[in-house]
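Following the hints, complete the assembly by docking chain R onto the known chain U.
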Amino acid sequence: MSFQPHTFSFNESDGAGASTLDVSLGPQHPSTHGVFRMNVRMDGETIVKLQPVFGYLHRNHEKLAESHSWLGTMPYTDRLDYICPITNNWAYAVAVEKLAGIEVPERAEYIRVIVGELTRLQNHTAFLGFILGDMGAWGSALMYAFREREKILDLFEWLTGARMMVNYMRFGGVRCDLPVGWLEKARAYVETYPAFLDEMEQLLTGNEILLARLQGVGVLSGERAINGGLSGPVLRASGIDYDIRKVDGYGVYPRLNFRIPRGTKGDCFDRFMLRILEARESIKILRQAFAQIPEGPTLNPAVKQRGFKPPVGEAYGRIEGPKGELGFHLISEGGEKPYRIHIRPPSLINLTLLEEMCLGTKLADVMVILGSIDIVLGEVDR
Amino acid sequence: MMNFPGSGILKGMVVTARNMIGSYFDRAHAKRLITEQYPEERPTLPEASRSFPFLVFDGQDPEAGMRCVACKICEKECPPQCIFIEQDRDANGKLLRRPKIFDIDISVCMGCQICVESCPFESIRMDNIYEMSSCDRFGSLVIHKGQLLKSNEYYRSINPTEAAETDARIEAARIKKAAAAKVAAEKVAAARAAAAAKAAAEQAAQPPSEPEQPAP
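As they're listed, the protein sequences go chains U and R. Using my numbering, the letters of the first sequence map in sequence onto residues 1 to 382. Using my numbering, the letters of the second sequence map in sequence onto residues 1 to 216.
By construction, these hints were calculated from the structure, which means they are not laboratory data. Keep in mind that a hint or two might mislead.
Below, a sample of chain R positions facing chain U; criterion: calculated Cβ distance under 10 Å [unchecked claim]:
hint, residue
1, Gly6
2, Ser7
3, Gly8
4, Thr16
5, Arg18
6, Ile21
7, Pro46
8, Glu77
9, Cys78
10, Pro79
11, Ile114
12, Val142
13, Lys145
14, Gln147
Note that CB positions come from ideal geometry on N, CA and C, so glycine has one too.
The following block holds chain U by itself, in its conformation from the complex (with noise of 0.2 Å):
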């Protein structure tokens, strides 16, 4: 018996005198964010279909939820996009608290959106590494925003007791106070962040080979990204402007002062500086919450954590996190546990169009590209 590799093979013609070839990348390949694979079949070097597969890190979060009390969920929503788990407890509680009617005290709408932002950062400095990674740049650039992004999740790690799995949230609220002296080291690291921002466009931003294998690259109307769901910055990048924090103007962001960048092609490289663009306005937003934070209460004591039992209804509420619309759709039968969880994860609408920017690019650009979108599998997948 002989072992018949099929993976790799030559297909019939297409009648266009050539023939294809079907290439498997992944679900191991480095720079696809985790165990995500592409049917990828090629004309020479151009893409001519591109097939996405996912379910390789399912873990079942929605079912789960159903065996769980509320509160026992919250820590699942940690796992789902694991670089920034602080905006995904946010979308939960916030959820929660539109399905229950609940009110949040003012010092914790404004520790959230401190943590919230501070997350947005570190995903886009996170971002910024592994799109150099992507572009075969491993090294200076990953590590440079990796020990930058180390420092906010110290803050993180002093403040919840974990670095990403925070488990932060509360319905109403937030489960622990800021401890003493964190808010002085925070508001002095973020006024050191402009500086890291500045030092990684020099590196960057200016960089002939970045911008030949940015520029042009994966370019996305904003019709097609309208159309296909899109939302965060891949579809600001094409020019839509479109931010659940004024929409929707949840917490307390309609106090705060701050603008929606936008870019104009739509391409691989205006996804890059938007995301720059975005996380200078993130240290506007953290300046302003850290003049106005309030003293006072924490967490609503009206609220019963153990054993919370909403009323009967369902509930969609909505963040915009830092890769997209993060949602939650919850049906409560007015039970301890969720009748039904259903999680609406940014990277995952995001890539529906992956196909759609790749054909007629080169292999190489596929990476780049899916890089630009910036997926987390854990949310993918879920």
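Leaving out everything else, chain R in the frame of chain U:
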């Protein structure tokens, strides 16, 4: 500013060179060398840092000072269901307020600290230990009661702020309980005194039915 083909790459290389030299001299940027040489250098963990739960006991004897009363709330609340508790019984089969078995499967535990929040007796707390690897997958990753029990002094040493808050709460509850007991005792004593006074009054009001007979 120079602007010729390749200038962007050169500018980038200036940054990398500055970082490399800066990592030796640490001039402009704070802390260039951030790598900790792990086995020799240990990180100083923040107070709130958490890994796995442990059980707190007061005093010297772990069994006598155990705060856990085997109420099984943590077992019920634990999201991945990694806690197993069995309540102890005395010789007559009567249930006692302490656990006979208290196991935590740390291969399942995800360190979410929901058990800590749900414990009404301030008994279960988060430890910050690491380096718990083992070659025995099934035996040594289930932590038993004896290994879980750690003294309150240990808790104070790893998380002084939270331990002080816990101690203050326990002390306040003790004072409140003592005050309530004192009030209750006073009430009982007052009631007893009132009853005695009433009885005495009744006795005084009622004339003796017959004179006391001297003992023969």
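Original post:
Broken hints, numbered, in rising order?
Top reply: Violated: hints 6, 12, 13, 14.
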